[in-house]
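Number of protein chains: 2
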Amino acid sequence: MKKRTFPLSRVYQLLEPGPVVMVTTARKGRANIMTMSWHTMMEFEPPIVGCVISNQNHTFGILKATRECVINIPTVELAAKVVGCGNTSGRSVDKFKAFGLTAVPASRVSAPLIGECYANLECCVVDTRMVAKYNFFVLEVLKAWIDPLKKEPKTIHHRGNGVFMVAGRSIKLPSKMK
Amino acid sequence: MKKRTFPLSRVYQLLEPGPVVMVTTARKGRANIMTMSWHTMMEFEPPIVGCVISNQNHTFGILKATRECVINIPTVELAAKVVGCGNTSGRSVDKFKAFGLTAVPASRVSAPLIGECYANLECCVVDTRMVAKYNFFVLEVLKAWIDPLKKEPKTIHHRGNGVFMVAGRSIKLPSKMK
Numbered sequence: 001m002k003k004r005t006f007p008l009s010r011v012y013q014l015l016e017p018g019p020v021v022m023v024t025t026a027r028k029g030r031a032n033i034m035t036m037s038w039h040t041m042m043e044f045e046p047p048i049v050g051c052v053i054s055n056q057n058h059t060f061g062i063l064k065a066t067r068e069c070v071i072n073i074p075t076v077e078l079a080a081k082v083v084g085c086g087n088t089s090g091r092s093v094d095k096f097k098a099f100g101l102t103a104v105p106a107s108r109v110s111a112p113l114i115g116e117c118y119a120n121l122e123c124c125v126v127d128t129r130m131v132a133k134y135n136f137f138v139l140e141v142l143k144a145w146i147d148p149l150k151k152e153p154k155t156i157h158h159r160g161n162g163v164f165m166v167a168g169r170s171i172k173l174p175s176k177m178k
Numbered sequence: 001m002k003k004r005t006f007p008l009s010r011v012y013q014l015l016e017p018g019p020v021v022m023v024t025t026a027r028k029g030r031a032n033i034m035t036m037s038w039h040t041m042m043e044f045e046p047p048i049v050g051c052v053i054s055n056q057n058h059t060f061g062i063l064k065a066t067r068e069c070v071i072n073i074p075t076v077e078l079a080a081k082v083v084g085c086g087n088t089s090g091r092s093v094d095k096f097k098a099f100g101l102t103a104v105p106a107s108r109v110s111a112p113l114i115g116e117c118y119a120n121l122e123c124c125v126v127d128t129r130m131v132a133k134y135n136f137f138v139l140e141v142l143k144a145w146i147d148p149l150k151k152e153p154k155t156i157h158h159r160g161n162g163v164f165m166v167a168g169r170s171i172k173l174p175s176k177m178k
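Protein sequences appear in the order of chains V and F.
Residue 21 in our numbering is what sits at position 21 of the first sequence, and the numbering runs on without skipping anything.
Residue 21 in our numbering is what sits at position 21 of the second sequence, and the numbering runs on without skipping anything.
It should be emphasised that the hints constitute simulated quantities derived from the structure, not laboratory data.
Among the clues, some could well be false.
Note: identical chains are not told apart, hence a pair may lie in one copy or across any two.
Said to hold, decoys possible - For lysine-lysine, the following DSS-like pairs were computed, each having C-alpha atoms within a straight-line distance of at most 27 Å:
id	residue 1	residue 2
1	Lys178	Lys64
2	Lys154	Lys172
3	Lys151	Lys28
4	Lys133	Lys64
5	Lys97	Lys172
6	Lys3	Lys150
7	Lys176	Lys154
8	Lys178	Lys151
9	Lys143	Lys28
10	Lys178	Lys133
11	Lys178	Lys143
12	Lys64	Lys172
13	Lys176	Lys133
14	Lys97	Lys176
15	Lys154	Lys28
Please model the entire structure based on the sequences and the hints provided.
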């Protein structure tokens, strides 16, 4: 893997713009992938991420049991596979095989990274207080990876019903915001 | 105001792509604005939104006390004002006046809408369990407004340190996802 480690202090820069992500989990030697858009940063460092994973999803039970996952961030080249993973269930499909994605061992968790995604965040669950009511998990990012060659990644952003906005140009403004 | 009411069942389509938003609050006849990027959808309908508002922000105390706000979604034409609101504090600045923004009365809450934003979501706080630890508020959207002429809004998405990605082209894929 040609990825480099990415500073935890800058992880918020990857998730704050709201990209669709692919969450990987693993249990009993079997890995799964789900597509997710409902996430937010909650703290800069260590990076804390909140996300909603429906209890209808196969991933929900695995994440509750293992308390580990990887958030993988795809770019537009992977859009068809992202949607494919969203349209199928890990109960009946090996998604890595079905969509030709590469499971790469992570360093801190047992769930694999998706090799084709330009960034990968190894996470553990740190708070489950809001799981019962909102399916809302609080994750801490333990380790982050990035493809150093992707400078302005064309992430995709879900607008509902299969319409995705593709990341456009960047502008710089004199902000004091972190 | 030439805005139309927008169905609550589709509010997720506005926030899911991760735009920077401007949160308005009001107390004792004085309205305030803050710029925010850390938010996520939590439920489709009624639309539930989770967001982090730092206890360092003037808005934090107002929101805790009044339990009402409006989430206003700006497009790139407003970028300089969005950053201006992020660089200043309502403790010392009347941001509507300082940035030439129009406060429009809301229908369900006392906080005003920002007239220049293409969409506005009137919200009340419904869960404060995670405020103490994460500054994380859970909001319910009571009423939504949209400018019907903005078909593919050029929202802005923060990448950190004043760099914003501007919403690019749209693609449609055969998704079963809502």
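Report task. Output the numbers, in ascending order, of every earlier hint that fails for this structure. Result -> 3, 12, 15
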